[in-house]
Amino acid sequence: MSEVTAETTPKNKRMRFDIKTAGPAIALFLLCIIGFLLNPAFLSEGNLTNLLTRSAFIGIIAVGATFVITAGGIDLSVGSMAAAIAGVMIIIMNAAMETLGPGLATVLLGGGCSILLGLGAGWINGVLTTKGKIEAFIVTLGTMGIYRSLVTYFADGGTLSLDFAIRGTYRPVYYGSVLGLPAPVWVFIAVSICGWLLMNRTAFGRYCTAIGSNESVARYSAIKVDRIKTMTYVIQGLCVSLATIIYVPRLGSASASTGVMWELEAIAAVIIGGTVLKGGYGRIGGTILGALILTTIGNILNFTDLISNYLNGTMQGLIIIIAVWLQRGDWGKAKASKS
Amino acid sequence: MKTLKSLSALALTGALALSAAALSAETIKIGVSYPTPTHAWAAGMNWHAEQAEKRLEALYPDIDLILINSPDPNAQASALEDLVSVHKIDALVVLPFESEPLTDPVLNVKKTGALITVVDRGLSQPGIEDIYVAGNNPELGRVSAVYMKGRLTSGDNIVVLRGIPTIIDNERFDAFMAEMEGTGINILDHKHANWNRDDGFEVMQDFLSRFPDIDAVWAQDDDIAIGVVAALKQAGRDGDGMFVVGGAGMKETIKSIMDGDTLVPVDVLYPPSMIATAMDVTVAAFKSNGPVAGRYILGATLITPENAASFYFPDSPF
Numbered sequence: 001m002s003e004v005t006a007e008t009t010p011k012n013k014r015m016r017f018d019i020k021t022a023g024p025a026i027a028l029f030l031l032c033i034i035g036f037l038l039n040p041a042f043l044s045e046g047n048l049t050n051l052l053t054r055s056a057f058i059g060i061i062a063v064g065a066t067f068v069i070t071a072g073g074i075d076l077s078v079g080s081m082a083a084a085i086a087g088v089m090i091i092i093m094n095a096a097m098e099t100l101g102p103g104l105a106t107v108l109l110g111g112g113c114s115i116l117l118g119l120g121a122g123w124i125n126g127v128l129t130t131k132g133k134i135e136a137f138i139v140t141l142g143t144m145g146i147y148r149s150l151v152t153y154f155a156d157g158g159t160l161s162l163d164f165a166i167r168g169t170y171r172p173v174y175y176g177s178v179l180g181l182p183a184p185v186w187v188f189i190a191v192s193i194c195g196w197l198l199m200n201r202t203a204f205g206r207y208c209t210a211i212g213s214n215e216s217v218a219r220y221s222a223i224k225v226d227r228i229k230t231m232t233y234v235i236q237g238l239c240v241s242l243a244t245i246i247y248v249p250r251l252g253s254a255s256a257s258t259g260v261m262w263e264l265e266a267i268a269a270v271i272i273g274g275t276v277l278k279g280g281y282g283r284i285g286g287t288i289l290g291a292l293i294l295t296t297i298g299n300i301l302n303f304t305d306l307i308s309n310y311l312n313g314t315m316q317g318l319i320i321i322i323a324v325w326l327q328r329g330d331w332g333k334a335k336a337s338k339s
Numbered sequence: 001m002k003t004l005k006s007l008s009a010l011a012l013t014g015a016l017a018l019s020a021a022a023l024s025a026e027t028i029k030i031g032v033s034y035p036t037p038t039h040a041w042a043a044g045m046n047w048h049a050e051q052a053e054k055r056l057e058a059l060y061p062d063i064d065l066i067l068i069n070s071p072d073p074n075a076q077a078s079a080l081e082d083l084v085s086v087h088k089i090d091a092l093v094v095l096p097f098e099s100e101p102l103t104d105p106v107l108n109v110k111k112t113g114a115l116i117t118v119v120d121r122g123l124s125q126p127g128i129e130d131i132y133v134a135g136n137n138p139e140l141g142r143v144s145a146v147y148m149k150g151r152l153t154s155g156d157n158i159v160v161l162r163g164i165p166t167i168i169d170n171e172r173f174d175a176f177m178a179e180m181e182g183t184g185i186n187i188l189d190h191k192h193a194n195w196n197r198d199d200g201f202e203v204m205q206d207f208l209s210r211f212p213d214i215d216a217v218w219a220q221d222d223d224i225a226i227g228v229v230a231a232l233k234q235a236g237r238d239g240d241g242m243f244v245v246g247g248a249g250m251k252e253t254i255k256s257i258m259d260g261d262t263l264v265p266v267d268v269l270y271p272p273s274m275i276a277t278a279m280d281v282t283v284a285a286f287k288s289n290g291p292v293a294g295r296y297i298l299g300a301t302l303i304t305p306e307n308a309a310s311f312y313f314p315d316s317p318f
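Keeping their order, the protein sequence lines are chains D and B. Heads up: the first sequence begins at 1 in our numbering, then just goes up one per residue. Heads up: the second sequence begins at 1 in our numbering, then just goes up one per residue.
FYI, nobody ran anything at the bench for these hints, they're computed from the structure. Note that the structure is predicted; figures quoted are calculated from it, not measured. Every residue, glycine too, gets a C-beta built ideally from N, C-alpha and C. Treat the hints with care, as some may be off.
Listed next, with one range per pair, are the computed distances between beta-carbon atoms [what the hints assert, rightly or not]:
hint: 1; chain 1: D; residue 1: L318; chain 2: B; residue 2: P165; range: 12 to 22 Å
hint: 2; chain 1: B; residue 1: S78; chain 2: D; residue 2: L318; range: 33 to 43 Å
hint: 3; chain 1: D; residue 1: L318; chain 2: B; residue 2: V146; range: 35 to 45 Å
hint: 4; chain 1: D; residue 1: T314; chain 2: B; residue 2: S124; range: 36 to 46 Å
Build the full structure now, drawing on both the sequences and the hints.
In structure tokens form, the structure reads like this:
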């Protein structure tokens with residue numbers, strides 16, 4: 001996690017300590033201390049590996065969500081989309097078993113279909129929002145319901161399971177390690193770097209920020225607003241499909257309970273990381289820290305029996321609010337500047 | 001001529017009305033209302049209801065079963081009104097979405113004189129139902145505990161993965177803990193895994209990091225157990241004699257018990273087929289020559305390799 005923060009906090013390079021940028025990092029650091037005090041096993045290699053691997057799903061999706069939110073949009077459909085893509089992938093791979101066998105070809109076919117489906121689903125969200133002139137909230141609320149019911153329908157209300165023979169080939173994509181780090185963490189790192197470059201080093205990233213802060217001005221500045229906004233949803237779809245590709249081999253199944261609330265976790269990660277919900281300011285590095293914070297909270301709650309099980313939601317809510325408060329960071333200063 | 005025509009028309013209408021009345025008196029209409037299957041157990045229930053409908057209608061030509069599922073309590077209340085106004089049902093088999101909001105709608109069906117069978121979740125007012133059919137949640141907890149006591153000795157360690165925080169979960173958990181009391185077996189901790197594979201996987205991963213010595217896992221549910229087993233295999237701790245007890249009667253779990261799995265050696269039944277039992281009993285209320293009203297509490301049978309075959313439905317989605 002340290003390498004990720006190092007790459008994604010450019011302001012530190014300029015030796016300017018910015019509490020806004022550091023807020024999420026401080027929150028995560030405090031959480032790690034609490035975790036260690038509760039049980040030293042929190043910092044064991046196994047637990048940290050589990051934590052990073054788990055963060056990969058929400059983290060990858062949240063990188064996509066950062067673009068959508070920065071450009072002033074919102075995508076509520078990502079959790080259902082992940083479930084539907086996982087379901088279709090499993091159906092396709094099981095069907096391809098007869099012709100392609102349980103080997104690498106089948107897994108690649110599944111992965112390829114996942115990416116096509118993700119791009120397509122993102123494009124539909126984008127076009128309905130921009131060309132269809134329907135609020136993103138409504139479009140993605142609608143597709144959220146559609147994808148969720150599709151996976152229920154495909155699974156006949158039950159669970160879709162990947163054939164055991166294919167699972168053997170596909171398993172390392174979740175459980176395997178490369179150079180000591182689990183494969184999903186590498187995907188997470190790669191997506192983070194690409195996301196950071198796209199947001200901070202390309203015209204596309206600047207356009208997203210411009211559209212999010214004032215769409216009309218961006219339009220008059222000859223920015224192709226509709227195309228850029230559609231692209232953010234397509235990127236979101238791609239991120240969802242990548243997350244799904246590493247999710248499916250974990251348990252080899254998809255059901256109506258897959259990916260429930262992922263959309264809210266992804267949005268929470270983005271906001272905890274300092275991106276502004278109404279658009280115009282986006283931070284990929286913060287989003288990654290946000291995803292790590294969310295996963296760590298759940299992990300710490302499993303590491304202690306001090307708090308009643310029924311209050312888990314309360315603790316999660318409190319920590320999220322405190323993390324965002326730390327990140328706002330102008331305590332007192334805000335008042336002074338207003339007056 | 002004109003009067004003759006109108007008279008015959010009148011006679012015809014009367015005859016038609018009479019024959020329709022005669023028909024409805026002959027056909028016994030039974031409405032079956034339950035939640036839309038959105039998770040595996042409910043999908044199994046839906047399948048068993050459809051199977052029971054086919055079987056009972058083939059057996060009794062004068063029985064008409066009308067199956068309706070609803071996505072939320074409000075829609076279920078509307079469905080009950082339709083069953084009364086459109087279908088004029090003689091009996092209702094209902095698995096309420098939630099007890100409180102469905103109590104009044106079921107009471108209204110009762111007022112039409114229909115026989116009422118309530119399944120699984122009860123109503124919040126006593127005495128409405130004529131027949132009650134349910135699984136046994138406390139017994140599920142107790143039977144699981146009895147099995148685990150039999151395999152463990154004092155000083156051994158258990159972790160518990162609970163369901164969604166609800167009354168059902170409390171009943172199972174409290175009965176389990178009561179049975180475990182005084183055995184000297186340590187319950188290291190219990191966390192909610194929400195009857196879901198992903199949460200089962202993550203909670204178990206954390207338990208494995210936190211506790212170096214675990215002898216058994218009570219997962220309470222087959223979906224959670226699948227996540228638990230994946231976490232055990234990932235951590236390489238599936239071979240050290242640890243075992244997992246789930247519950248419900250998922251077909252894959254029962255199949256692996258039949259095949260002699262040692263990691264998940266048994267299962268405790270909470271049958272999705274209970275809706276079929278309720279439909280059977282309700283039909284029997286019209287066809288039996290003895291009284292059938294009363295409470296039918298199904299057993300939480302321990303499924304072992306010896307008896308697993310009788311709980312195995314390979315065509316069911318659950």
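Here's how the hints hold up against the structure:
1. The given range of 12 to 22 Å is respected by L318 of chain D and P165 of chain B, whose C-beta atoms sit roughly 18 Å from each other.
2. Checked against the hint of 33 to 43 Å, the C-beta distance between S78 of chain B and L318 of chain D comes to roughly 39 Å, which is consistent with it.
3. Under the hint 35 to 45 Å, the C-beta atoms of L318 of chain D and V146 of chain B, about 40 Å apart, fit the expected range.
4. Under the hint 36 to 46 Å, the C-beta atoms of T314 of chain D and S124 of chain B, about 27 Å apart, miss the expected range.
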